[in-house]
Amino acid sequence: MEVITLTINGKTISCNPGVSLLEAAVQNGFPIPTLCHHPELKPFGACRVCLVEEEKNGRLMAACVTPATPNMVIRTNTPRVLSHRRNIVSLMLASHPESCIVCDKGNRCRLRQVAANLGIGEIRLDPMPSDQTPDQLNPFIYRDLSKCILCGKCIRADHELVVTGAIDYSFRGIHAYPATLQDKPLEQSGCTFCGTCVAVCPTGALTTRSIYVGVPEREVDTVCGFCGVGCRLRLGAVGGLVMEANPSTGIKSVNGTTLCVRGHFGHDYLNTPKRLTQPMIRKEGELVPASWEEALQETARRLLQIREQHGPRSIAFLGSSKCTNEENYLFQKIARSLLKTNNLDNGGYALGRRLLNCIEKRTDGSGRFNFFAGSLSGLEKSDIILVIGADPPQSMPVVGYYLKRGAVDGIPLIVVDPRKTELTRYSTLWLPVRPGADADLIHAIAALILGQKGQDASFVDRFTEGFRGYAESLSALDIDQICDRTGLMRESLEKAAELLSHKKIAFVVGDGVLKQRSGQESVDALLNLAMMTGSIAHKGAGFYIPAKENNLVGAWDMGCVPDALPGRRFVGDKEARREWENAWQTDLPEDPGMDLVQMIYAAEKGALRGLYIMGENPLRSLPQPERIKAAFAKLDLIVVQDILRNETVSNAHIVLPGAAFSEKKGAFINMEGRLQHLAPAAIPPGEARPDLDILASLARNLGDADSPASLEQVRAEIGRVLPLYAPAAASGQLVWIQKGERGGAAIPFSPVRNSVQEKSDPAYPHVAVIDSPRYHLGSGTRTGLSARISALNTHGGIAVAPEDALKWGVSDGDTIRLTSAVGTLKGRIRIDKSMRVGLVSVPLGDDANQARCLIGLTPLMDSASPGWNTCPVFIERTEGEAP
Amino acid sequence: MKPPEIDWQKLNELIESRKTEQWGLIPLLQDIQKIFGFIPPESIEPIADALGLFPAQVQGVITFYAGFSLAPRGKFVLRVCCGTACHVKGGRSILRLVQQDLKLKEGETSPDYQFTLESAACLGACALAPTMMVNRDYFGKLSPPKVAGILNYFGKEAREKE
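Keeping their order, the protein sequence lines are chains A and B. Going by my numbering, the letters in the first sequence line up with residues -9 to 873, in that order. Going by my numbering, the letters in the second sequence line up with residues 99 to 260, in that order.
Next comes chain A alone, as it looks inside the complex:
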């Protein structure tokens, strides 16, 4: 590319063509004030504050929208330029309320900064106050448009970054303002409360509603503690408490300036009175406060006692997909090396980890690095995107932004979902498949692609084996029969095959597959399709698995799973075991341990006696709570290390208060494989201690005097065997957990297996889908304690199709009762035009996560398992009962 040269303020500079004057000037050390400019948004030129002068012809130009051209002679600060800038800002201030003293934006107000830098004190213009009244009905955003300067940043962020379109300019001239459709308050508009507009607003027009007004004492960049996207967060702390959360600026991050409602507004749960502040031991049926020493000694004593009496297999450890790598590492080390048990798992089980494990097994452990696409930015560069069983705009909004941006930029998007979701609006093709028939659908599409010779023959030859058998069974498929089973037209399947032929596909696979009946068959079918089309290790192509917990990947990598050691080496692998036996100077158990569901089964049978739970709330997150409670009652010891007084804590024998993500150091790995470091912004409440300290003390109490005590020591120990995970935060290095090259072995195609058809039971004629709504993460243990999210009052909200509502004679807000084979729930209904007839959607997380009562506790891996995502139900109206 040819470089162009021009002169700015007498200095000759060179820059690339296409660069704006603003960028050229700023890069060369000439700051220019801006109000409407944002590096992530398209240049707009609304505020005119960035005016500069071309010396040769005396023209004034807005630097942000003027491309640098050769031989320009630019002045950025002549008296004429400054006088114009002052006029412009004075005019803005003339219609701006004089309420700076009580404005929440305070010193962070860009308008105030720009005015101060230009030396504007008093404006000699008649004030023209706006008559806009603040919109403050919602619990998240305080919207005072009288302070709006019409820079359009909120509108552009809404359209370009999060692609929601809740607001746009309305009216014109002096009457213009950013309006929602029909001027409704935000909570009745399409707004998702991601807060991106708040983050970019240069004035106090959009601010976060908070109990604290003003600028926080200190701000710390860290990583969000909710979902697996791993957004960079800037936490503002006052007096040791987190008071606000904003997207980090100036750091290249997965989220940029965007966040979602949970990340931006849900972190007020950190200050809930339900935080655990001191260790407790159950004495005579009551949890009573104890000292740390007493609690840890008691824990160690009773764990060792159980091992002595019932053997190591009678103890299980439940690690956490919300805790850091280092904590999970130490946790599993305690279980494996000190208590000699492989009975280890983490909450990732409930998020479909077992199925992902199959990918690893099938590809000899290298699957993750070959099939998984890595950086989410790949989605915006891929050939075509296939979203199956996932609704990221609800469950993981930041992934949803990537998908919507890609689709708006013209990347074909195929959505496989029984319901019309927000994504279907942007899709090239929507396949409303019948729930549970995903595997059949994928096979049919693969067969049609094969019919068009749309596969990547050279990839198939080079890297796979068993294609011929696979192709034969595909051609034997009866497409019409599959159309019947999936409830789709042949034309739409053909359209899908046509779109996917000769393309490298980016797969986004969610709960609808990972937690569904026949999930195994569907995952196998998807892998076959990926191999057939060569959608592996190609720009943007491959699998994107929206991990719903922040450290689902890290907890797995660190070995908090029954069948793998740290580094995802299988427990059965002798070499891997020896490596860790050497590192820990001990011998390790070799038989795979029990997973989460097996632990509960074992507790029911009395085979399990002790359970140590760190940062998980199985009584709220797992199906059939009553059954689990009964199983827990049979245990001799339940130790719970957590931050909140939750359902599981109330059933514990010993409670150890830990620290939240905002109060400790450590590292998380996000769904992309990006290793990110935490930085403490607040102080753990009361006597609570960072979890790593607790575990290190426990290890010493269990007799391991050499146990690493500090974060640095733990990290060094991990690094000796797994150097990839060791870099410290200070190195500033962006670390990706990836292995470049493929193993030599060809990847086998798996046989074509149809999905297991659910036998319809006339007693339960309808199907309930368990959905992940935007406002809760998982079972909602944390988001349910957020005052802001609770204030939104999302209770119930069982979505039904209008046709069904008419049939049952119910209307919006009525209460219905759902009964499944294992439980019942009552909730208010919400009539939703996008629902499929015969289907109802129950939101996860709401009302103490009552959705879990409908589902049976079955192993997710089993192909006979009905899955945790849908279940057949019977629906009836309840008369005059409160939900």
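Wrong hints could be hidden among the right ones.
Cβ pair distances, simulated, as ranges [unchecked claim]:
#, chain 1, residue 1, chain 2, residue 2, range
1, A, 46, B, 203, 52 to 58 Å
2, A, 828, B, 103, 33 to 39 Å
3, B, 182, A, 90, 38 to 44 Å
4, B, 182, A, 824, 49 to 55 Å
Hints listed in this document are in silico derivations from the structure and should not be mistaken for laboratory results. Beta carbons are placed, not taken as given, at the ideal position from N, Cα and C, and that holds for glycine.
Let chain A serve as the given structure and place chain B on it in line with the hints.
Frame of chain A; chain B shown alone:
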């Protein structure tokens, strides 16, 4: 009296005919405005869906142009010029006269949906000042008797049509 009934089927056909044509937003809005006399707010979402725009964007375009209205307007839209030339020639008095006669303020529509009164910054017929328009017809060199005559004429026509 009720506002005119909307023929939803016809509206949907109009919207369908412009499907996926993002550039067709303004022509479509013009058609709807012409046929129905206003753009029903309920139609914003179907329009946005059909054209692949956000509903708020469609609303932004509608509210930007004075030629589009989201509320039902009268059968006769009176636009009295308040531009410089008309102002000098007494345009404001003409506006006051019309207001008194129709008992309407600027921007209002009569309860029987016969008249809507608007003011305009310039109608582009300064030589005829003071001027006003009724729908697409110009009336120039206005005087109080002439205004009374015009209003009487359209008022009668409105009554006769019923």
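Checked hints:
{"no.": "1", "hint": "A:46 x B:203: 52 to 58 Å", "result": "holds (53 Å)"}
{"no.": "2", "hint": "A:828 x B:103: 33 to 39 Å", "result": "holds (35 Å)"}
{"no.": "3", "hint": "B:182 x A:90: 38 to 44 Å", "result": "holds (39 Å)"}
{"no.": "4", "hint": "B:182 x A:824: 49 to 55 Å", "result": "holds (54 Å)"}
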